[in-house]
Amino acid sequence: MKSRTRREFGCLTGGMALAALGPRLGASQAKAKVAVVGGGIGGATAAQYLAVSAPTIEVTLVEPKPNYTTCFFSNLYLAGLCSLESLTHGYETLAQRYGINVIHDSVTSVDPVAKTVGLKSGSKLPYDRVVVAPGIAFNYDALAGYDEAATQVIPHAWNAGPQTQLLRRQLESMEDGGVFVLVAPPNPFRCPPAPYERASLVAYYFKQYKPHSRILILDAKDNFNAQDLFLDAWERHYRGMIEWLPAQFTGGVKAIDVKERSVRTASDTFKAAVVNVIPPQMAGQLAQQIGLVDQSGWCPVDPITFESKLQPGIHVVGDATSAGDMPKSAFVANSQAKACAFAIAAVLTGSERPPPHLFNSCYTFLSPDDAVSNAVSFKPAAGTIKIVDNFVSQVQESAETRRRAAREAQSWYAAFTRDTFG
Amino acid sequence: MRKIIAVSIAASSFIILADRSQAADRDGGAQLAAMCTSCHRLDGGDGGIPTILGMSPEMLTRAMLAYRSRERPSHIMRAVALSLNDEEIATVARYLAALNK
Numbered sequence: 000m001k002s003r004t005r006r007e008f009g010c011l012t013g014g015m016a017l018a019a020l021g022p023r024l025g026a027s028q029a030k031a032k033v034a035v036v037g038g039g040i041g042g043a044t045a046a047q048y049l050a051v052s053a054p055t056i057e058v059t060l061v062e063p064k065p066n067y068t069t070c071f072f073s074n075l076y077l078a079g080l081c082s083l084e085s086l087t088h089g090y091e092t093l094a095q096r097y098g099i100n101v102i103h104d105s106v107t108s109v110d111p112v113a114k115t116v117g118l119k120s121g122s123k124l125p126y127d128r129v130v131v132a133p134g135i136a137f138n139y140d141a142l143a144g145y146d147e148a149a150t151q152v153i154p155h156a157w158n159a160g161p162q163t164q165l166l167r168r169q170l171e172s173m174e175d176g177g178v179f180v181l182v183a184p185p186n187p188f189r190c191p192p193a194p195y196e197r198a199s200l201v202a203y204y205f206k207q208y209k210p211h212s213r214i215l216i217l218d219a220k221d222n223f224n225a226q227d228l229f230l231d232a233w234e235r236h237y238r239g240m241i242e243w244l245p246a247q248f249t250g251g252v253k254a255i256d257v258k259e260r261s262v263r264t265a266s267d268t269f270k271a272a273v274v275n276v277i278p279p280q281m282a283g284q285l286a287q288q289i290g291l292v293d294q295s296g297w298c299p300v301d302p303i304t305f306e307s308k309l310q311p312g313i314h315v316v317g318d319a320t321s322a323g324d325m326p327k328s329a330f331v332a333n334s335q336a337k338a339c340a341f342a343i344a345a346v347l348t349g350s351e352r353p354p355p356h357l358f359n360s361c362y363t364f365l366s367p368d369d370a371v372s373n374a375v376s377f378k379p380a381a382g383t384i385k386i387v388d389n390f391v392s393q394v395q396e397s398a399e400t401r402r403r404a405a406r407e408a409q410s411w412y413a414a415f416t417r418d419t420f421g
Numbered sequence: 000m001r002k003i004i005a006v007s008i009a010a011s012s013f014i015i016l017a018d019r020s021q022a023a024d025r026d027g028g029a030q031l032a033a034m035c036t037s038c039h040r041l042d043g044g045d046g047g048i049p050t051i052l053g054m055s056p057e058m059l060t061r062a063m064l065a066y067r068s069r070e071r072p073s074h075i076m077r078a079v080a081l082s083l084n085d086e087e088i089a090t091v092a093r094y095l096a097a098l099n100k
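Just so you know, the protein sequences line up as chains B and X, in that order.
For the first sequence, numbering that gives the first Met the number 0 begins at 0 and goes up steadily by one.
For the second sequence, numbering that gives the first Met the number 0 begins at 0 and goes up steadily by one.
Because the hints were derived from the structure by calculation, they are not lab data.
Just so you know, not all the hints are guaranteed correct.
Claimed, not checked - If you only want the chain B side, here are some residues facing chain X, beta carbon under 7 Å, derived:
hint : residue
1    : 167
2    : 171
3    : 175
4    : 221
5    : 222
6    : 341
7    : 345
8    : 374
9    : 390
10   : 410
11   : 411
12   : 415
As the list claims (entries may be wrong) - Just the calculated beta-carbon pair ranges, DEER-fashion:
hint : chain 1 : residue 1 : chain 2 : residue 2 : range
13   : B       : 368       : X       : 81        : 49 to 55 Å
14   : X       : 46        : B       : 171       : 57 to 63 Å
15   : B       : 413       : X       : 53        : 16 to 22 Å
16   : B       : 239       : X       : 86        : 26 to 32 Å
17   : X       : 68        : B       : 121       : 58 to 64 Å
18   : X       : 81        : B       : 175       : 46 to 52 Å
Since we're looking at a predicted model, the values are computed, not measured.
C-beta: ideal position from N, C-alpha, C; glycine also.
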């Protein structure tokens, strides 16, 4: 299936694409192999853009799960505003239209000397270049009483799927008047506005169905992303429903009592009907295993090619990276993956690498028809990645502007997931 | 059956793949357009984020310059326009205008 698509492609363009790619490439040339580990936003985007960059690159994508549910927009599902299916995307298009070899398996090792990726099934995939996009792992040593087993009772729902369904069920079962406690993590973490978007949309849900219920956010931090926008929205839409307590007030969250469903801070113990702990985070497990992680817990990378600073020949994109000023977001993972793919393709085809255009633009729902957005451009500088321009929605915007942004957000989701998954 | 599906998918999408690959190798238009496709669908608009297809290079260039100067209000498009120099705007405008021709 894959080779047929490629052959047809070559014939239909009269071989012009191949000829233009590089002086020494022809149909008989052995293909360069790139392995992509992880089929989240970073991995799927990297695989696609590598495949599109040159028909002489053979791309293999290894992902354990049969499909991918986006964590972004999953707060809408928690509020009962969309189905989880609508947020779930398969790998068929990447396999069939782009000729990517999609393997549903787990990667257990990457050998940078032999240049092979070891799979749980026992196979070894040879590569010329490898892109690792393992996402995040949770630090289960940070909060006493909150280990991996605890997530089955007190979900984090910070990887979308069964965890999100569990939290939704708990919110649905909650009686009116109950308290939903959300434990927000320290920096850096996946998606800076998301815990507060979650509080906002759960408040929306409570307002419709359980209006006497309350939300308490116990934060590891003393301030949070777009705080002015959230506080303004909470006052306008959910007055009296959401309370945010910073670390300087509580002394920080110390322990979770899973059986009692309570959260202990330095100063108090808060009992809840539903608890959502978003634990402190670090780079995904595989990155730690391969030695891509520094003492920060994240993967330092070259700001232009996203090659690991610790392991040459291995590239890292997405949430697992330590990428200067870039936050951890799906949009950033997609942006980094493109820059990385183009850089690798340039090396493998002997052509000029285009300058990277790193960008982030996130839509945040304060209510179903009140959305805000930001737009941040970045560029490599002084060995790291720095913000160039940073624009964000304003507190005084009209309701119509916010409604338009909510419509744009839905439109963005459709375009972005198509861009990533094909 | 799978072969038939593969052929029909390949046939219907080859235009985009072919154009993307050819243009990419001449002046970097495809790589620049990769920035656009994070938000703009290449299979038409849907009433939320506007389409960027079916316009001349001049129209696209004028739009980007209007976003850059804030004549057209959009903080997202302004950040995008500021991140591209004049040559890059011309390149991506040419590339997008040529798609699906």
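Evaluated hints:
1. 167: 26 Å, violated
2. 171: 29 Å, violated
3. 175: For residue 175/B, the interface hint is violated, since the closest Cβ of chain X sits about 35 Å away, which is over 7 Å.
4. 221: 27 Å, violated
5. 222: At about 22 Å, which exceeds the 7 Å cut-off, the nearest Cβ of chain X leaves the hint on residue 222/B violated.
6. 341: 5 Å, holds
7. 345: 10 Å, violated
8. 374: Given a least distance of 4 Å, the restraint on residue 374/B holds.
9. 390: 4 Å, holds
10. 410: Interface hint status for residue 410/B: holds (2 Å vs cutoff 7 Å).
11. 411: With a minimum Cβ separation of about 5 Å from chain X (threshold 7 Å), the hint on residue 411/B holds.
12. 415: Since chain X brings a Cβ to about 6 Å from residue 415/B, closer than 7 Å, the hint holds.
13. 368/B / 81/X: 49 to 55 Å: 29 Å Cβ-Cβ, so the 49 to 55 Å window is violated.
14. 46/X / 171/B: 57 to 63 Å: 31 Å, violated
15. 413/B / 53/X: 16 to 22 Å: 19 Å, holds
16. 239/B / 86/X: 26 to 32 Å: Violated - the Cβ-Cβ distance for residue 239/B and residue 86/X, about 54 Å, lies outside 26 to 32 Å.
17. 68/X / 121/B: 58 to 64 Å: 59 Å, holds
18. 81/X / 175/B: 46 to 52 Å: 49 Å, holds
Hint violations for this structure: numbers 1, 2, 3, 4, 5, 7, 13, 14 and 16, all remaining hints satisfied.
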